[in-house]
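Residue numbers (my numbering), protein chains in the order written: chain A, 1 to 411; chain B, 1001 to 1411; chain C, 2001 to 2411; chain D, 3001 to 3411.
Don't take every hint at face value.
To be verified - Cut-off 27 Å, straight-line C-alpha distance, at most; resulting in silico cross-link-like pairs (DSSO-like, lysine-lysine):
#1 D:Lys-3203 x A:Lys-290
#2 B:Lys-1123 x A:Lys-72
#3 B:Lys-1406 x A:Lys-127
#4 C:Lys-2122 x B:Lys-1203
#5 A:Lys-406 x B:Lys-1122
#6 C:Lys-2079 x D:Lys-3122
#7 D:Lys-3343 x B:Lys-1268
#8 D:Lys-3219 x C:Lys-2123
#9 B:Lys-1271 x A:Lys-406
#10 A:Lys-203 x D:Lys-3353
#11 D:Lys-3353 x D:Lys-3072
#12 D:Lys-3407 x C:Lys-2122
#13 D:Lys-3203 x A:Lys-343
#14 A:Lys-290 x D:Lys-3290
#15 B:Lys-1353 x A:Lys-123
#16 A:Lys-407 x B:Lys-1268
#17 D:Lys-3122 x A:Lys-203
#18 B:Lys-1406 x A:Lys-149
#19 D:Lys-3122 x D:Lys-3343
#20 C:Lys-2079 x B:Lys-1353
#21 A:Lys-406 x B:Lys-1123
#22 C:Lys-2407 x D:Lys-3122
Said to hold, decoys possible - Okay, the calculated bits of chain C under chain A, using three or more residues with CB under 8 Å as the criterion:
#23 2159-2165
#24 2241-2249
#25 2355-2367
It is worth saying that the hints were derived from the structure and are not from the lab.
Think of the CB as a built atom: it goes at the ideal place given N, C-alpha and C, for glycine as much as any other residue.
Protein chains: 4
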Amino acid sequence: MLPNFPFRRSTAKCTSYIHTANERRLGEVIGTNVAGKLHTGRSRNDQIATDMRMWLRDELDLIEEHLVDLLKVIAQRAKQDIDYIMPSYTHLQRAQPIRWSHWLLSYATAFQSDLERLRFTKKNINKLPLGSGAVAGNAFGIDRMQMAKELGFESLIMNSMSAVGDRDFVVEVLQCASTIGSHLSRWSEDLIIYSTLEFSYIKLADAYTTGSSLMPQKKNCDSLELLRGKSGRIFGAMTGLMMSIKGIPSTYNKDLQESVQPMLDTVKTLKDGLQIAARLLATATIYPDKMRAALSPDMLATDLAEYLVRKGKLVLYIRSFITSLANLSAGVPFRETHHLAGKMVALAEDENKGMDELTIEQFQGIDKRFGDDVLSVFDYERSVELKDATGGTSRRAVLEQLEALKKTLGG
Amino acid sequence: MLPNFPFRRSTAKCTSYIHTANERRLGEVIGTNVAGKLHTGRSRNDQIATDMRMWLRDELDLIEEHLVDLLKVIAQRAKQDIDYIMPSYTHLQRAQPIRWSHWLLSYATAFQSDLERLRFTKKNINKLPLGSGAVAGNAFGIDRMQMAKELGFESLIMNSMSAVGDRDFVVEVLQCASTIGSHLSRWSEDLIIYSTLEFSYIKLADAYTTGSSLMPQKKNCDSLELLRGKSGRIFGAMTGLMMSIKGIPSTYNKDLQESVQPMLDTVKTLKDGLQIAARLLATATIYPDKMRAALSPDMLATDLAEYLVRKGKLVLYIRSFITSLANLSAGVPFRETHHLAGKMVALAEDENKGMDELTIEQFQGIDKRFGDDVLSVFDYERSVELKDATGGTSRRAVLEQLEALKKTLGG
Amino acid sequence: MLPNFPFRRSTAKCTSYIHTANERRLGEVIGTNVAGKLHTGRSRNDQIATDMRMWLRDELDLIEEHLVDLLKVIAQRAKQDIDYIMPSYTHLQRAQPIRWSHWLLSYATAFQSDLERLRFTKKNINKLPLGSGAVAGNAFGIDRMQMAKELGFESLIMNSMSAVGDRDFVVEVLQCASTIGSHLSRWSEDLIIYSTLEFSYIKLADAYTTGSSLMPQKKNCDSLELLRGKSGRIFGAMTGLMMSIKGIPSTYNKDLQESVQPMLDTVKTLKDGLQIAARLLATATIYPDKMRAALSPDMLATDLAEYLVRKGKLVLYIRSFITSLANLSAGVPFRETHHLAGKMVALAEDENKGMDELTIEQFQGIDKRFGDDVLSVFDYERSVELKDATGGTSRRAVLEQLEALKKTLGG
Amino acid sequence: MLPNFPFRRSTAKCTSYIHTANERRLGEVIGTNVAGKLHTGRSRNDQIATDMRMWLRDELDLIEEHLVDLLKVIAQRAKQDIDYIMPSYTHLQRAQPIRWSHWLLSYATAFQSDLERLRFTKKNINKLPLGSGAVAGNAFGIDRMQMAKELGFESLIMNSMSAVGDRDFVVEVLQCASTIGSHLSRWSEDLIIYSTLEFSYIKLADAYTTGSSLMPQKKNCDSLELLRGKSGRIFGAMTGLMMSIKGIPSTYNKDLQESVQPMLDTVKTLKDGLQIAARLLATATIYPDKMRAALSPDMLATDLAEYLVRKGKLVLYIRSFITSLANLSAGVPFRETHHLAGKMVALAEDENKGMDELTIEQFQGIDKRFGDDVLSVFDYERSVELKDATGGTSRRAVLEQLEALKKTLGG
């Protein structure tokens, strides 16, 4: 007996030999004579393509649901925690103060874009291959539009060769899933860092951490690490399938069977991941006092520079891109104020003080234009409120983001 | 002097230090005092994100054009060569007769889907990040919608952190490009095989082949091989960037600089590739006689099986999925006729003849239901015409595909 | 109840919670009091790393066996089929005549290199992590070298942090497997093409083909297509794991759990694939007459050019790289003879004849140096015998390759 | 004029048309008549394969040098900073105290393994393809072994088809480079985190940081982020090339040209990256006081549990794997002491004290076996010294690692 790939039973419910099983089962129900007609003008090739699209269609509905749930949790926390102010980070170095809600919503932007793409992808998938035979079409005058209607497809794949030889609809789902995975991975990375003792901004509920077999004091953010790690798994499914498809001739080749396992695996991983992310965020404890304690006056150096810009008599700032340079001519150039603020940072460092502990004289020693009101700059609330343009950190701007999000979610 | 990454000058026109160059040049034109104001409330972070989106937007327009041109060449050839009949292949084994135009249009389906996705992607890209500062937004009450209008953006990125830390718009383009590359690769694979002496269905124009430094008789399809090979290059750009982005914290990290090179390289590769594909197809010579010569009666075994299905008295075939089983009860089950046709194939093989050279008696020796008209089955024109359902090979069905294609192309 | 990743039971025999199971089972056998000591100075982290290395070590032995078996089948066929002459292909265009055995052995070169790398990789894996605790080492003066000896490891991982946080040994196996997969994929591609009706050089045994549900005449090379397709699956496992590992902090992070599934899956796929490849090749039928029939005189154009080179009185050809130019000064420059041979190809094409059917006069019409013996060039046997340098197609050179192969296989 | 891939001039010094340039230049030097003989029995195919191997061989020498330099810097710092004690992290949560040198050397383990693999790879590359012609070998009795000797190759590629169609030697280098990139990425991730204000263990020299165009106070670890990000670029080169090679027929196909660009780009990226990593580490400032301040008594909970294990009268611990369970029967099971230590952690947390601030009574309230000496456990120096088994954190064990490293480096 020669060895052979066990491709007939390999991958769960959706293998390419489901067809024969279908016919057999049908035979049990309605008699083999009629069941034997199942393949009239039909082939395994157009059947499996149809089955996979129908299955994916339903699963994408679930994924969409879970994505929406995650966005709702984000929205809920963003609303409820809007008063918490924390450092933002660029290059993982403290940058400017932001609202915690602003951080939350930065990922909402990413997941919203995933949602839109998912919807587009779902539409792309929902095209009927059935009625294409093995490769050349159907010779019995079948009405494919009618069939599409009955099976809930929006339109037809217009070429029989393409219908049976295409697994790009799986690739598209996996690419979309990889991007969602990438977002979950960055999100987890942030939260893992925020969960360290050094940051201490957030603590996961016990259900989402595990202990150590050796170290009794440990609480590890396993769930977040798995979310981050599993983005690799999804990516591997996507690249693997693209590799399998690479350069094969048109129409059906058995290589395409390798689309089933990555599809099944990715859908499951993604559904689990999105649900876990949502619950994990919903149940985490936030530590606003730690966030607040991490703010320091030097994070307002930009505010100080901008203070000087405003000191120029009448600042009709750039409400428009085109007219901006003209208007700006009134104030002090930012290039210059940036330089002066830098000097203040250095001075404070030399004095081993916070910038807010320097005297007016010290400020004016650097530049005469610093006024008596300069210390009013060192107020974190004021700083986040000043970023009031759309997309910024002021209460109004954050609520505006929340409104936009709600609109996408349709509720 | 310590070594360092030459990241300041590295990647062509679009590096992240273009900003400083901008300001310097502006200073030369309008004076450094005013130019120094360029960065008021702006940072390199939101500027580069804006620049890249604007550049990509324009390039995607060009790519769309080239994709449309390729589709037009396909449409033109499909129309002009509609009479050529050739073998279709599944598993690279001869399957059923098709029109050459049907093969051509099978790739049109793929490229059309690319076109739709490209248009969706372009829309996704066209969101304005400017006005987000380095991370926390803009403190000068800038009107971002007005800015968007002036710069031709459709909408705003609604969160400043997301605006500066997102390179998913590049990933999305590269994923889209990878799928186009995958299509070009399969298309090239087919054409390379059809260009072998063994197949001889097609010959590239001299401009798209090269000779051998050693073998004077050779003509190699280098262009097709490059199209196939460069799909790897595009894929590598996509996977590489996804890897660079993997798991980095939110907002801007220098890792994101690695989005520039793959973006530039992919856009160029894709633009070149699509243009070459179009011209290469437009100028190739087709050999319909070789295609015709490759057809053999056994490729009509399915037609023979379907002939028997029809012999059942009144075949009201499955015009609908749901009612199909009932209707089918009239004819002979395909499972049975498939088996009988298989016997005829074996008999012809034993006799070392074409099936069309067997006698009526030999047919009826296998099954009495074979009528005197059975030899009429062995007509390739009849066979392609019978596949008349939408997506099939009949002249009508192929012209229907062409119509649908023209609609997508907007002309 | 909150949802959570089912990471505790997920991936078969090798999950990271096997440790607890181990301790439980040990408790059943020797009492929980003693079993409870299992983790003294040990942690799940160094245990799982040890388990995986031991498992892989054994599996690589099996993979090596299968690889050797495949090489033996190749060697056997190469010896037995040494008389068959066929076209070689570059760019899938007919190039020069070769022995079928030469084609077979070209893949032996690839698989041999895989074998060497596999052996190197196995050595790399065989380093003991146990005795590293969770991260900081062992506090009970354990003798790790003794432990290594007992467990069959060659050496120790010399740093405890590295020992628990490293999955590069899995990556290395997967990279190695990906290259083997790549070889199987190219090998399959060749054989799929050689199995087409158009080439007809080879036919798989029935056990390695499948029929069509629609087309009774079809025999598809499913096994080869799966070998080709599954190279994508292996590649996906490799890229996925590399993605999971990307940029995580040092030591153990839960992300590393994602190394188990790709490892298990790849080992299985590779073991199956190698066995199938070997049996498939052993049982295939070769058609030397079809190979012979595919040879044509224009494939000897290079021989014709080289004939002219030799016509230069004394050709002391380049037995050495450095002295070659001097020696070559005796003969006619190849650049010139290549050109002349090209003219003969064109002439034959114009006359619609084989080059061997042209007259001596026609040859001499192109160049006076063509002698009366020129037609002796058009002998395929002579052509393959002339390539007698090591690595060439002469019987001697092919047997030399076989000898070298046997040496690697150790028998 | 038809468009075409500019493949003739595209990729720098190493394109496949260098051959023609070679011949032309040679013609200028020694006359076109002799230069025209360059291609006698040689083709572009075996020439380019030879050129690439020679080039890579030299570049790998340089990469090896840079890798050795990096290891030397690590060794030097590990020796010089051996007294600094810091927290180790698993799951990015503080685990047990280690020496900073131990962290340094954990990456030395990884880079050493890279070094060994690099040396193996270099050997693999160093096989001569020249003398294989275009595909079928050389017909002039060339002595390839002599040629190999003169060109510095260790052995021959034994099959001409394999010699011209193989780019796996590039794949192998890129896989090797990807793993090095992966190590650099994890290393950078650690250092980026250690450079945050929250951790503050290390500060890069100014040459390896950059400022912000908006925030005067910022110092960003751009160099580390680029090292981390560029691991994606290298990975993309590897996956891209593997994709280009996927499933193409044997021997030379133009797709293989796509091996040049990723090779050149990766070699450059890797050489730069390794040098930067070495200098960056050599010039960084370490803050041992911050490391020390980050240690806390709960990180010694494992030591506390191990203290109890030792309390069992005679602990002849597992010097051997096999005899370990018997010997262990003397002490208290770790499973139990782990549990007790966990209780002490909880108690300290409840009391809002360090564990070292609890009274003997409180200890004994949890378990009578805690002796008067229990507080001696809370000594970080003692803790790292106790991990004295090979691979551990004691001074001796760390110096042992250093010795092993020096041996590998050959100095």
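Here's how the hints hold up against the structure:
1. D:Lys-3203 x A:Lys-290: holds (24 Å)
2. B:Lys-1123 x A:Lys-72: Roughly 25 Å between the alpha carbons, so the hint for Lys-1123 of chain B and Lys-72 of chain A holds.
3. B:Lys-1406 x A:Lys-127: Holds. Lys-1406 of chain B to Lys-127 of chain A sits at ~19 Å (cutoff 27 Å).
4. C:Lys-2122 x B:Lys-1203: violated (49 Å)
5. A:Lys-406 x B:Lys-1122: holds (24 Å)
6. C:Lys-2079 x D:Lys-3122: violated (32 Å)
7. D:Lys-3343 x B:Lys-1268: Not OK: Lys-3343 of chain D and Lys-1268 of chain B at ~64 Å, beyond 27 Å, violated.
8. D:Lys-3219 x C:Lys-2123: violated (44 Å)
9. B:Lys-1271 x A:Lys-406: Violated, at roughly 39 Å.
10. A:Lys-203 x D:Lys-3353: holds (20 Å)
11. D:Lys-3353 x D:Lys-3072: Judged against 27 Å, a Cα distance of about 43 Å means the pair is violated.
12. D:Lys-3407 x C:Lys-2122: holds (22 Å)
13. D:Lys-3203 x A:Lys-343: holds (21 Å)
14. A:Lys-290 x D:Lys-3290: Holds. Lys-290 of chain A to Lys-3290 of chain D sits at ~19 Å (cutoff 27 Å).
15. B:Lys-1353 x A:Lys-123: violated (49 Å)
16. A:Lys-407 x B:Lys-1268: violated (38 Å)
17. D:Lys-3122 x A:Lys-203: violated (49 Å)
18. B:Lys-1406 x A:Lys-149: holds (24 Å)
19. D:Lys-3122 x D:Lys-3343: violated (55 Å)
20. C:Lys-2079 x B:Lys-1353: violated (36 Å)
21. A:Lys-406 x B:Lys-1123: Holds: Lys-406 of chain A and Lys-1123 of chain B sit about 21 Å apart, inside 27 Å.
22. C:Lys-2407 x D:Lys-3122: holds (22 Å)
23. 2159-2165: violated (count 0)
24. 2241-2249: holds (count 7)
25. 2355-2367: violated (count 0)
The structure shown violates the earlier hints numbered 4, 6, 7, 8, 9, 11, 15, 16, 17, 19, 20, 23 and 25.
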